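Number of protein chains: 2
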Amino acid sequence: MEKRRGLMMVLSSPSGAGKSTLAKMLVESDPVIAMSVSATTRMPRPGEIDGKDYYFVNALKFESMVGDGAFLEHAKVFDHHYGTPKGPVEGALAQGHDVLFDIDWQGTQQLAQKMPHDLVRVFILPPSRDELERRLKARASDAPDVVARRMAKAGDEISHWAEYDYVVVNDDLNAAHAKISAILVAERQKRTRQIGLHGFVESLTA
Amino acid sequence: MEKRRGLMMVLSSPSGAGKSTLAKMLVESDPVIAMSVSATTRMPRPGEIDGKDYYFVNALKFESMVGDGAFLEHAKVFDHHYGTPKGPVEGALAQGHDVLFDIDWQGTQQLAQKMPHDLVRVFILPPSRDELERRLKARASDAPDVVARRMAKAGDEISHWAEYDYVVVNDDLNAAHAKISAILVAERQKRTRQIGLHGFVESLTA
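So the sequences go chain by chain: A and B.
Numbered by my numbering, the letters in the first sequence go through residues 628 to 833 in order.
Numbered by my numbering, the letters in the second sequence go through residues 628 to 833 in order.
Everything labelled a hint here was simulated from the structure, so no lab data went into it.
Given the structure is predicted, the values throughout are model-derived calculations rather than measurements.
Hints may contain errors.
Note that identical chains are pooled: a pair holds if it fits in a single copy or bridges any two copies.
[As the list claims (entries may be wrong)] Straight-line distance between alpha carbons at most 27 angstroms, and here's what the computed BS3-like set of lysine-lysine pairs gives:
no. : residue 1 : residue 2
1   : 703       : 688
2   : 630       : 688
3   : 817       : 630
4   : 780       : 703
5   : 764       : 780
6   : 741       : 764
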């Protein structure tokens, strides 16, 4: 009973709102959801593993995948391309596994067009503008011009908040994690996601 | 932040699926949701308190309330009338409190017509037909003919499962309670329920 098709949960937020940390907490706390692995043309950062963190591909390969319709969504962010290969996601959903996406509003719009019924969109907001600035500046690995570009992009990303189903303000990581976990548990109980309910109900009233 | 209008959660199920127990667990575990108090023309059972468990009214009073449009929903179940007085519910929602309803499909349909945006509909199913029968027979206070009528009514109630947003199979009380709690937490995070998000987002990007 309660067999179901997997769902696609998107977490979007301006950079610095805690999205990546929350995605990691969710995958670690929930055995049924796994992170979608994107393809990207950017260089690996220290410690990143090809096929686990990203599929690292060059621009030519990326373009040929676009041409083959191999992406559920793809976008250019700053100077690099990112995209979600279709096959692994569709396989996971069919087996009742959930897939988590850490993507921006552009990718979310494309997913919403292609797979509206499987999609659960969560937008994460920082608790205040000061806190957002503080968090962006705290990333030691980023040069000042990167921080400035991120602040500009943050405003752009935030302007799309109303395209999401759920909004969570991340003023406390554990509280925000609990809310997003609850969204996941709740969405799994949606009548429309559960496969075989018709047959089960018939068995109750036979 | 995250100020919101309260929501109305309906739990419906065939008698014997654990709905009343789950409603009690939910109200006891969650400080923000309270049980809606119905008016009824049936006699109080031992221990029931007027104004807390029900408003016990006679048939004439009930009819005059119907005439005054004082009910959000009302229905006849077996030989008795039940109805939800409108005023207390609207007051609670406006103050950001959630209201829990233990009502059948007839009442749910009426609530859905009157307040579609505030409504979250959860249908609880028993784990099997055998278990449903067993639970109905285990109620020592009910005469055999009441059990038989309840079984017939169970089939009628179950036939409306597809009118609900969420379906939870109650094969384990604690697990079912956790799922319904998660639905409540998640629905509170719906973008459309949160009041003041526009202003908050403006403060982030100002």
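Consistency of the hints with the structure:
no. : hint         : result
1   : 703 with 688 : within (15 angstroms within a copy, 67 angstroms between copies)
2   : 630 with 688 : neither (38 angstroms within a copy, 47 angstroms between copies)
3   : 817 with 630 : both (12 angstroms within a copy, 25 angstroms between copies)
4   : 780 with 703 : within (13 angstroms within a copy, 58 angstroms between copies)
5   : 764 with 780 : within (14 angstroms within a copy, 63 angstroms between copies)
6   : 741 with 764 : neither (36 angstroms within a copy, 50 angstroms between copies)
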